[in-house]
Amino acid sequence: RRCINLNINILFIPVYSKPLLNHRKIKYITTIHDIQAMHYPQYFSAMKVLWLKFAWKRCCKTSHKIIAISNFVKQDIIDTFKIQEKKIQVIYNPIVKNNTNGNFRDIEETFKINKKNYYYTVAQLLPHKNLETLLYVIKEIKEKEINVPNTLVISGVGGKDEGRLRLIIEELNLSNNIIITGFVTNEERDLLYKNAAVFLFPSIFEGFGMPPIEAMQLGVPVLTTKCSSIPEVTEGKANYVEDPFAVAQWVKKIREIVKEGDSTNYSFQNYYLENVTKKYLQCFHEVSSYD
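Residue numbers (my numbering): 2 to 292.
Since the hints were derived computationally from the structure, they do not count as laboratory data.
Heads up, some of the hints might be wrong.
To be verified - Below, a list of computed lysine-lysine pairs in the DSSO-like style, where the Cα atoms sit at most 30 Å apart:
1. K253 / K58
2. K145 / K117
3. K253 / K279
4. K116 / K83
5. K253 / K227
6. K83 / K26
7. K195 / K116
8. K117 / K83
9. K88 / K58
10. K26 / K253
11. K116 / K280
12. K98 / K54
13. K116 / K254
14. K279 / K143
15. K116 / K227
16. K49 / K83
17. K88 / K26
18. K195 / K140
19. K49 / K62
20. K145 / K116
21. K98 / K49
22. K280 / K227
23. K195 / K227
24. K75 / K98
25. K253 / K280
26. K26 / K54
27. K87 / K279
28. K66 / K227
29. K62 / K117
30. K195 / K161
31. K54 / K66
32. K253 / K75
33. K83 / K98
34. K26 / K279
35. K145 / K253
36. K83 / K279
Construct the complete structure from the given sequences, taking the supplied hints into account.
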């Protein structure tokens, strides 16, 4: 009702929570970031899975345009909900590159780490982030005394996997090797990115996946997986393991990266804010012309 009173022609919904009732005078554009619950329902409550399936299906049916944040998500929606390709447009998430000129000394003192002597990852503590694999990677490096860093810093807030991960850390005797920072500011996060030996991203499912791109923009070598959207959004420029759960592959790749070194600052024009903004404006203009 408020939209009608304000004479709104287009309602953009950046998540799947579209209003239940359509109004004939309003055009609806909805963003779907991923449909993970269709593939990994075990990571959600049964009620949440039912709700998400209903919400996504309804969005696909009643929206005038669907925004997918990667080609991977677009194809997943088409395959799952059988909607026409022309109804979906891919617009990547914008990523703003920050100038990181802060002092790393405070970070060193807080977390007891040294520059280029730790690995870094940014992820919620959730099962599909596959952080458990990295714990076993660090265990392997530590036990075999491999001549590479044996410290992992994890920045992630909450997530139902936190308790289990902390238990594994204790069981593997890695309390001095694994640091879970909790919340960090953007500046602290960027300093942790910039000074890491390698950024590790073991996720098995991402609709987009910003952290590896952020790391690459700051000149940090990235080792990640070939799962879901990750090869697409990193444009094939990162280092990849074939099997996200294979500890030996991670260790081998880490040794190669640390030995060879890589400080290339990558630029990703698809994620520039001005380019993303133009695509949204073009989309709004197109939808406004619909009958």
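Taking the hints in turn, this is what the structure says about them:
1. K253 / K58: violated (43 Å)
2. K145 / K117: holds (20 Å)
3. K253 / K279: violated (42 Å)
4. K116 / K83: violated (50 Å)
5. K253 / K227: holds (16 Å)
6. K83 / K26: Holds, at about 26 Å.
7. K195 / K116: Given that 30 Å is the threshold and the Cα spacing comes to 9 Å, the pair holds.
8. K117 / K83: Given pair K117, K83 is violated - Cα atoms ~48 Å apart, limit 30 Å.
9. K88 / K58: holds (13 Å)
10. K26 / K253: violated (59 Å)
11. K116 / K280: Cα-Cα ~39 Å, so violated.
12. K98 / K54: violated (35 Å)
13. K116 / K254: Roughly 20 Å separates the two Cα atoms, so the pair holds.
14. K279 / K143: violated (49 Å)
15. K116 / K227: With Cα atoms ~28 Å apart, K116 and K227 stay inside 30 Å; holds.
16. K49 / K83: With Cα atoms ~22 Å apart, K49 and K83 stay inside 30 Å; holds.
17. K88 / K26: holds (19 Å)
18. K195 / K140: holds (24 Å)
19. K49 / K62: holds (20 Å)
20. K145 / K116: Since the Cα atoms of K145 and K116 sit roughly 23 Å apart, the hinted pair holds (cutoff 30 Å).
21. K98 / K49: violated (34 Å)
22. K280 / K227: holds (27 Å)
23. K195 / K227: Measuring from Cα to Cα gives roughly 23 Å; hence the hint holds.
24. K75 / K98: holds (26 Å)
25. K253 / K280: With Cα atoms ~41 Å apart, K253 and K280 exceed 30 Å; violated.
26. K26 / K54: holds (27 Å)
27. K87 / K279: Holds, because 19 Å separates the two Cα atoms, which is no more than 30 Å.
28. K66 / K227: holds (29 Å)
29. K62 / K117: Roughly 50 Å separates the two Cα atoms, so the pair is violated.
30. K195 / K161: Holds, at about 28 Å.
31. K54 / K66: Holds. K54 to K66 sits at ~18 Å (cutoff 30 Å).
32. K253 / K75: The hint is violated at about 34 Å.
33. K83 / K98: violated (37 Å)
34. K26 / K279: Holds. K26 to K279 sits at ~25 Å (cutoff 30 Å).
35. K145 / K253: With a Cα-Cα distance of about 13 Å, the restraint between K145 and K253 holds, given a limit of 30 Å.
36. K83 / K279: holds (28 Å)
Of the numbered hints listed earlier, those contradicted by the structure are 1, 3, 4, 8, 10, 11, 12, 14, 21, 25, 29, 32, 33.
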